[in-house]
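On the provided structure of chain A, position chain B as indicated by the hints.
Residue numbers (the working numbering), protein chains in the order written: chain A, 1 to 149; chain B, 1001 to 1170.
These aren't lab readings, by the way, just hints derived from the structure by calculation. None of the values given here were measured: they were computed from a predicted structure. Ideal placement from N, C-alpha and C gives every residue a C-beta, glycine not left out. Hints may be right or wrong, so weigh each one.
[Said to hold, decoys possible] Taking lysine-lysine and the BS3-like style, the derived pairs with C-alpha atoms no more than 27 Å apart in a straight line are:
(1) A:Lys-100 x B:Lys-1059
(2) B:Lys-1152 x A:Lys-126
(3) B:Lys-1064 x A:Lys-131
(4) B:Lys-1086 x B:Lys-1041
(5) A:Lys-100 x B:Lys-1155
(6) B:Lys-1155 x A:Lys-138
(7) B:Lys-1097 x B:Lys-1152
(8) B:Lys-1032 x A:Lys-100
(9) B:Lys-1095 x B:Lys-1022
(10) A:Lys-66 x B:Lys-1064
(11) B:Lys-1152 x A:Lys-43
[To be verified] Label-pair distances were calculated between CB atoms; the ranges are:
(12) B:Ile-1021 x A:Gln-56: 41 to 49 Å
(13) A:Ser-89 x B:Val-1082: 15 to 23 Å
(14) B:Arg-1071 x A:Gly-28: 27 to 35 Å
(15) B:Asn-1162 x A:Leu-57: 25 to 33 Å
(16) A:Gln-142 x B:Pro-1118: 21 to 29 Å
(17) A:Arg-73 x B:Tyr-1045: 41 to 49 Å
(18) B:Ile-1042 x A:Arg-73: 48 to 56 Å
(19) A:Gln-70 x B:Lys-1064: 22 to 30 Å
(20) A:Ser-89 x B:Tyr-1045: 45 to 53 Å
(21) B:Glu-1028 x A:Tyr-59: 46 to 54 Å
(22) B:Arg-1071 x A:Asp-39: 20 to 28 Å
(23) B:His-1023 x A:Asp-128: 37 to 45 Å
(24) B:Ser-1144 x A:Gln-70: 40 to 48 Å
(25) A:Thr-76 x B:Glu-1115: 51 to 59 Å
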Amino acid sequence: MLKLFIPLSLCLALLSSCSTIKPYQPSGNHHLNIYNNSDEGIKTEIDVYHVNQACQLDYQGTITAKDTTQTTRIKTNQINYLVVRFSSSTFFSGSHSMSKVLIFKPESDHTYYLDLSYIDDIYNIKLDQSKHSAKQRKTVSQLTLNKCQ
Amino acid sequence: MQFFIKIIFLISLVSLSACSIKHPQTAEAFRKAAPGAFMAKIESYEVNHPFSKVASRFKSQAPKCLDARIRSESRTSTSYQVIVTKYNPTVKISKNKAELYLQQVHEQGVMNISEVPPKGYFLMVVDAIPVGRNKTRIDYYGPSVGVDNITKAIKGWATGTNMGCPDLTK
Chain A
1 MLKLFIPLSL CLALLSSCST IKPYQPSGNH HLNIYNNSDE GIKTEIDVYH VNQACQLDYQ
61 GTITAKDTTQ TTRIKTNQIN YLVVRFSSST FFSGSHSMSK VLIFKPESDH TYYLDLSYID
121 DIYNIKLDQS KHSAKQRKTV SQLTLNKCQ
Chain B
1001 MQFFIKIIFL ISLVSLSACS IKHPQTAEAF RKAAPGAFMA KIESYEVNHP FSKVASRFKS
1061 QAPKCLDARI RSESRTSTSY QVIVTKYNPT VKISKNKAEL YLQQVHEQGV MNISEVPPKG
1121 YFLMVVDAIP VGRNKTRIDY YGPSVGVDNI TKAIKGWATG TNMGCPDLTK
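With the rest of the complex left out, here is chain B:
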């Protein structure tokens, strides 16, 4: 009996150690981790708009649209779950780069398994870099699925075609 308990303990320990995940703690670490991460992608595109305009749109729209607390409920015949997620956007603008970070903190319903950066786990990092007088390159680092509405909204801001906000509840 003791032997079986030891075996189960060892198996659990090995499983747990395999699960020790370290999430990126900074935007730069997130950029570096994205290429090899599961279901992550890096995407670049150019927009025919001056860098200053793209940067100012990031600055005006990100706090308006992405600073939100979302409460989602799911229920089946046997379970009921409530998840509260706080999204925290950050926009940093320098002479040659505008950076938009979106971080998320699960306030309820999700167990955090690794160290959480101050404003939450990084969900995506979007850089706008001037490549010409009226041209700006957008570099996206983030998930390849599940955030289509957010990436579509950011593209709308960058191109100036749609200043709408993504529905974060989806």
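Chain A with its partners taken away, still in its complex shape:
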């Protein structure tokens, strides 16, 4: 029994060390409110990257969006590169995922709102911002990484 236990434990340890998904640790002082309303069985995740001076993506971690509003923090003066991913997996139809990229630089004194939904194969990804003192939201302009090419 012990002979079987040791290789099995080694295999499990190896497999767990291969996982590259790490939970996002909030950093910075800007609030990002995430609201998700997706079909049951759809997993919504957001990979957070920072774009460094050399235009390379620096993986910060992954946020698993819940069905309720959740708040995290993001850095200002830093280009944020978010990969929003909707995925599903069933025994009969296999696994499926789609993703969209959001690139933006948060401004100081602003709060950010990311509304996500995936219902009946139709998705909505909306990133808004508002000044701390104001209630009115406006859509965040998306950046491109063309300068990096």
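Same frame as chain A, now just chain B:
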């Protein structure tokens, strides 16, 4: 032996000539070809929204949602295939008509068997035509199956009920 080779060649030639398909090269040719095409349909419905609103939604949503490059992978125990498809939407607005074309170019994994129009084969053509002050008719020309999410999204834009994007990977 020579005879059999000739027979096989002739059969192949006949089969190949039967396969010489000509795809519509323009939106107008696509509209004309749709009624008699296999697994194609023409559908019309009216929405209680002014033409100008429907047209502006087509203009804002089509590039945002339909201009995409999709890479799909399929694998079985014996095969592995990667298909890369670039979707190209076009919106043309005139006084009495807003036209939305969706074309597709297979960049990898599919052999093009006929002349490809500049922005790819036409997948669908959707026309919005004013029929009253607050009424617009939508005419759809395209496949009858396999594009439900796209037609549903376009209907959402036309009715203003859902401005979401279709998942083109499905």
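Structure-based check of all given hints:
At roughly 20 Å between alpha-carbon atoms, Lys-100 of chain A and Lys-1059 of chain B fall within 27 Å of each other, so this suggested pair holds. Proximity of Lys-1152 of chain B to Lys-126 of chain A is assessed by CA-CA distance (about 19 Å); at most 27 Å being required, the pair is judged to hold. Taken as a hint, the Lys-1064 of chain B and Lys-131 of chain A pair is honoured in the structure, with Cα atoms around 26 Å apart against an allowance of 27 Å. At roughly 23 Å between alpha-carbon atoms, Lys-1086 of chain B and Lys-1041 of chain B fall within 27 Å of each other, so this suggested pair holds.
For the hint pairing Lys-100 of chain A with Lys-1155 of chain B, the CA-to-CA distance comes to about 22 Å; that is within 27 Å, so the pair holds. Using a Cα cut-off of 27 Å, the hinted pair Lys-1155 of chain B and Lys-138 of chain A holds, with the two alpha carbons roughly 25 Å apart. For the given pair, Lys-1097 of chain B sits about 20 Å from Lys-1152 of chain B by alpha-carbon distance, which is consistent with the 27 Å threshold. With a CA separation close to 36 Å, the supplied pair Lys-1032 of chain B and Lys-100 of chain A exceeds the 27 Å bound.
Using a Cα cut-off of 27 Å, the hinted pair Lys-1095 of chain B and Lys-1022 of chain B is violated, with the two alpha carbons roughly 32 Å apart. Among the hinted pairs, Lys-66 of chain A with Lys-1064 of chain B is consistent with the structure: their alpha-carbon atoms are about 26 Å apart, no more than 27 Å. Distance restraint check for Lys-1152 of chain B and Lys-43 of chain A: the Cα-Cα separation of roughly 22 Å lies within the 27 Å cut-off, and the hinted pair is therefore satisfied. Evaluation of the 41 to 49 Å hint for Ile-1021 of chain B and Gln-56 of chain A yields a pass: the beta carbon distance comes to about 46 Å.
Take Ser-89 of chain A and Val-1082 of chain B: their Cβ atoms lie about 20 Å apart, and the range 15 to 23 Å holds. Range check, Arg-1071 of chain B to Gly-28 of chain A: Cβ separation about 33 Å, and the 27 to 35 Å hint holds. The hint said 25 to 33 Å for the Cβ distance between Asn-1162 of chain B and Leu-57 of chain A, and at roughly 32 Å that hint holds. In this structure the supplied range 21 to 29 Å holds for Gln-142 of chain A paired with Pro-1118 of chain B, their Cβ-Cβ distance being about 27 Å.
About 46 Å separates the C-beta atoms of Arg-73 of chain A and Tyr-1045 of chain B, a value consistent with the hinted range of 41 to 49 Å. As the Cβ distance of Ile-1042 of chain B to Arg-73 of chain A is approximately 52 Å, the hint placing it in 48 to 56 Å holds. The hinted range of 22 to 30 Å is satisfied by Gln-70 of chain A and Lys-1064 of chain B, whose Cβ atoms lie roughly 26 Å apart. Distance hint check: the CB atoms of Ser-89 of chain A and Tyr-1045 of chain B are about 35 Å apart, inconsistent with the given range 45 to 53 Å.
The given range of 46 to 54 Å is respected by Glu-1028 of chain B and Tyr-59 of chain A, whose C-beta atoms sit roughly 49 Å from each other. A C-beta distance of roughly 23 Å is found between Arg-1071 of chain B and Asp-39 of chain A, which places it inside the suggested range of 20 to 28 Å. A hinted range of 37 to 45 Å for the beta carbons of His-1023 of chain B and Asp-128 of chain A is consistent with their spacing of about 42 Å. Between Ser-1144 of chain B and Gln-70 of chain A the CB atoms are about 42 Å apart, so this pair conforms to the stated range of 40 to 48 Å.
Restraint check, Thr-76 of chain A to Glu-1115 of chain B: a C-beta distance of roughly 52 Å satisfies the suggested window 51 to 59 Å.
The structure fails to meet hints 8, 9, 20 from the earlier list, while all remaining hints are met.
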